[in-house]
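Participant: Sequence:
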Amino acid sequence: MVDALYDVAVVGGGPAGSTAAAFCAERGLRTVVIERENFPREKVCGDCLNPACWPILHRLGLAERVRDLPHAVVDYVEFIDLAGHNIVVELPRGENAEIATKRSLFDGLLLERARELGAEIRDRTTLTGLIKNERDWKLNVNPHCEIRARVVIAADGRNSTVARLLDLLPRPMKERIALQAHVPLPDGFGNRIVLQWLPGAYSGQVPVNEHELNVCLVGRANSIPALKLWATNRFQLAATQTWRSITPLTRAAVPALEHHILLVGDAARVVEPFTGEGIFYAMRSGEIAGEAADQLVRGNIASAGKEYIKQHRAMYRGRLWLNGLARLAVISPRAGAALFRFARSNPAIARFFTARVVS
Numbered sequence: 007m008v009d010a011l012y013d014v015a016v017v018g019g020g021p022a023g024s025t026a027a028a029f030c031a032e033r034g035l036r037t038v039v040i041e042r043e044n045f046p047r048e049k050v051c052g053d054c055l056n057p058a059c060w061p062i063l064h065r066l067g068l069a070e071r072v073r074d075l076p077h078a079v080v081d082y083v084e085f086i087d088l089a090g091h092n093i094v095v096e097l098p099r100g101e102n103a104e105i106a107t108k109r110s111l112f113d114g115l116l117l118e119r120a121r122e123l124g125a126e127i128r129d130r131t132t133l134t135g136l137i138k139n140e141r142d143w144k145l146n147v148n149p150h151c152e153i154r155a156r157v158v159i160a161a162d163g164r165n166s167t168v169a170r171l172l173d174l175l176p177r178p179m180k181e182r183i184a185l186q187a188h189v190p191l192p193d194g195f196g197n198r199i200v201l202q203w204l205p206g207a208y209s210g211q212v213p214v215n216e217h218e219l220n221v222c223l224v225g226r227a228n229s230i231p232a233l234k235l236w237a238t239n240r241f242q243l244a245a246t247q248t249w250r251s252i253t254p255l256t257r258a259a260v261p262a263l264e265h266h267i268l269l270v271g272d273a274a275r276v277v278e279p280f281t282g283e284g285i286f287y288a289m290r291s292g293e294i295a296g297e298a299a300d301q302l303v304r305g306n307i308a309s310a311g312k313e314y315i316k317q318h319r320a321m322y323r324g325r326l327w328l329n330g331l332a333r334l335a336v337i338s339p340r341a342g343a344a345l346f347r348f349a350r351s352n353p354a355i356a357r358f359f360t361a362r363v364v365s
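Just remember that our numbering sits 6 ahead of the position in the sequence shown, which is counted from 1.
Just to be clear, a hint being listed does not mean it is correct.
Distance ranges between label pairs, derived from CB positions [stated by the list, open to error]: (1) E43 / H64: 24 to 30 Å; (2) D9 / E181: 53 to 59 Å; (3) H64 / P178: 44 to 50 Å; (4) A259 / R357: 27 to 33 Å; (5) C151 / P205: 49 to 55 Å; (6) E101 / M179: 38 to 44 Å; (7) H150 / E101: 47 to 53 Å.
Quick caveat, the hints were computed from the structure, so don't treat them as lab data.
The C-beta atom is built at its ideal place from N, Cα and C for all residues, glycine as well.
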């Protein structure tokens, strides 16, 4: 029995899915978001909004509402190597400053904006099946019902159910694990992002408001106990401190377009979190997916597909090489030490790399 008919079904209500749904609904498309969680919820993330996010937030009509969320303005990034040497690079100031805010607040605001623009939100709903018909897609979801949509947008993350059902998800490999927690903000921490190399791992730290610090730890599974011990000592945490976790941190990309399914955010490509660009990639891919979905529904299938693939590739162009360099630096102590020494002796290099990330 068909529960409902839509132009667009968005699977996943994070930044990619909410952005896509908002732009689809704004164009008058009958849009539904299928989200398995119950918002608000936290996510393993550095919680930073890259300055490149602001133009998209303006187009969503959300820039001022984001600024009204509890947040920290980040003035500079400090890189710290294993020996304790540091490099400090200033970040953009003013309206285009980088800020950090908790994902529970930010994601909730994005999802609510999609609702305001007319998207239907079905939370606590899990996709269990996906079948292509002649004219549309049939989505089986729990609680037991069937949704039909002409276009599907997969925004369900690095372990995407949509990609798995389409047999697109790459085989899992032994990968690193990321842990994250919000802990009390130490006195005098300052308005900074800290990216700190640790033996065989690294840590990212940033204030998210006046009272809390986001602490991320990244390493292989066998290093996790040592990383937790380091953080417990460094930030005077209780031994019972809870940590959220995700894996994998990188994986092979999958096609951004498959039939009438548009893959966005981490469902399409997962990149090293060291550079902190994940939310930008999510929102920008959601935006261009909204444009493509509108054209697909109108019947402009060939041109819409080509344009979506073109824009999706352009979003990463000039950025992935830096992401690869960051990954090499954090998984290879020797490469990381050499890169750090080079950047310390050539400060313009560190400024150039940082500018590429936040441009």
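Participant: Next, verify each hint and record whether it holds.
Facilitator: Now for the hints, and whether the structure bears them out:
1. The hinted range of 24 to 30 Å is satisfied by E43 and H64, whose Cβ atoms lie roughly 27 Å apart.
2. Restraint check, D9 to E181: a C-beta distance of roughly 37 Å breaks the suggested window 53 to 59 Å.
3. Remark: the range hint 44 to 50 Å for H64 to P178 is contradicted by a beta-carbon distance near 38 Å.
4. The given range of 27 to 33 Å is respected by A259 and R357, whose C-beta atoms sit roughly 29 Å from each other.
5. A C-beta distance of roughly 51 Å is found between C151 and P205, which places it inside the suggested range of 49 to 55 Å.
6. At about 41 Å, the beta-carbon gap between E101 and M179 stays in the expected band of 38 to 44 Å.
7. About 48 Å separates the C-beta atoms of H150 and E101, a value consistent with the hinted range of 47 to 53 Å.
Hints 2 and 3, counting from the list given before, are not met by this structure.
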